[in-house]
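A.B. asks: Below, each chain spelled out in residue letters.
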Amino acid sequence: MEISNYIILATALFAIGVIGVLTRRNSIIIFMCVELMLNAANLLLVAFSQMHNLRLGKYYPTLASDAQIFVFFSMVVAAAEVSVGLAIIVMLYRNTRSVDVNFLNRLKN
Amino acid sequence: MNITQILFWILSVLTLGGAIMVITSKNVIHSILFLIITFFAISGHYVLLNAQFLAIVNIIVYAGAIMVLFLFVVMLMNLNSAAEPQRNKYLLYGGTIAGSSLLLVLVAALKQSADTSQLVQMKTGDIGLVSNLGKALFTNYVFPFEISSVLFLSAMVGAVIISKQER
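Protein sequence lines correspond, in order, to chains A and B.
Plus 121 on top of the position in the first sequence (first one is 1) and you've got the working numbering.
Plus 82 on top of the position in the second sequence (first one is 1) and you've got the working numbering.
A portion of the hints provided could be inaccurate.
From chain A, some residues computed to sit far from chain B (all C-beta separations above 10 Å) [to be verified]: (1) Phe-193; (2) Leu-225; (3) Asn-226.
Incomplete in silico selection of chain A near chain B, CB under 10 Å [what the hints assert, rightly or not]: (4) Leu-134; (5) Gly-141; (6) Ile-149; (7) Met-153; (8) Asn-163; (9) Leu-164; (10) Gly-178; (11) Asp-187; (12) Val-198; (13) Ala-208; (14) Val-211.
Covered stretches of chain B, going by a simulated chain A footprint (3 or more residues, C-beta under 8 Å) [to be verified]: (15) 127-138; (16) 228-241.
No lab work stands behind these hints, which were simulated from the structure alone.
A quick note: this is a predicted structure, and the numbers were derived from the prediction, not measured.
All C-beta atoms, glycine included, are put in the ideal place defined by N, C-alpha and C.
The shape of chain A in the complex, shown without the other chains (with noise of 0.2 Å):
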């Protein structure tokens, strides 16, 4: 499979992200949206590190594994992000019992 494929898909699959983050106005689903992105990213790493060590494999045998370590402690990131936002969501719920981030104008007056 060629690189190209991988760089469309991951770069759809942001795109899409970006267009949810954008459209909606139901934190949650903006948030899930940030998870898609991530995701995006995390796959084209993977697939990037495929890719070198199709090639350079035989020279440098942890140049490969190294891009994986990164996407796992990316994934350690987005878990810790994902705890303390939903906790701010909860807390935006207590405050104005809706979800909606049109209404998250507390601080203009």
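Place chain B on chain A using the hints.
C.D. replies: For chain B alone, coordinates are given in the frame of chain A:
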């Protein structure tokens, strides 16, 4: 077209269709369930790329922990029947056009680059196996691994402090 390519296209259709359904479905619960489908398809991609450790971690962390957390929060707030109020039509069109333009620009930029026809190693290679990644994680990357536990501790404390009911 061999079996790997057929699997790649099936998983790609599943990934993108699930992602589109996430942002178009009205019900939040349905969005979460479609996102779980998308994450399973991405795990299938990892298996196809022979990154078995990441496939398992993706299922455990994303489809297991994070999505259950999302479902728990949505059901706790009883949002599954609440429709979105007054969606702005211009915002909808503007956001769709902006995101599509981003996709168009990125794909057009990648068309210019030279080596997009390099092959990806599928179904072979042992760098993604648990033993190799575990060795790398506990030799070269042991310090970031320990730091990530501190990150988890701070996230846990932060979540508790933020969601604590103040009196």
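A.B. asks: Each hint needs a verdict: does it hold in this structure or not?
C.D. replies: Checked hints:
{"no.": "1", "hint": "Phe-193", "in the structure": "violated, 6 Å"}
{"no.": "2", "hint": "Leu-225", "in the structure": "holds, 14 Å"}
{"no.": "3", "hint": "Asn-226", "in the structure": "holds, 15 Å"}
{"no.": "4", "hint": "Leu-134", "in the structure": "holds, 6 Å"}
{"no.": "5", "hint": "Gly-141", "in the structure": "holds, 4 Å"}
{"no.": "6", "hint": "Ile-149", "in the structure": "holds, 6 Å"}
{"no.": "7", "hint": "Met-153", "in the structure": "holds, 5 Å"}
{"no.": "8", "hint": "Asn-163", "in the structure": "holds, 8 Å"}
{"no.": "9", "hint": "Leu-164", "in the structure": "holds, 6 Å"}
{"no.": "10", "hint": "Gly-178", "in the structure": "holds, 7 Å"}
{"no.": "11", "hint": "Asp-187", "in the structure": "holds, 7 Å"}
{"no.": "12", "hint": "Val-198", "in the structure": "holds, 7 Å"}
{"no.": "13", "hint": "Ala-208", "in the structure": "holds, 4 Å"}
{"no.": "14", "hint": "Val-211", "in the structure": "holds, 5 Å"}
{"no.": "15", "hint": "127-138", "in the structure": "holds (count 7)"}
{"no.": "16", "hint": "228-241", "in the structure": "holds (count 8)"}
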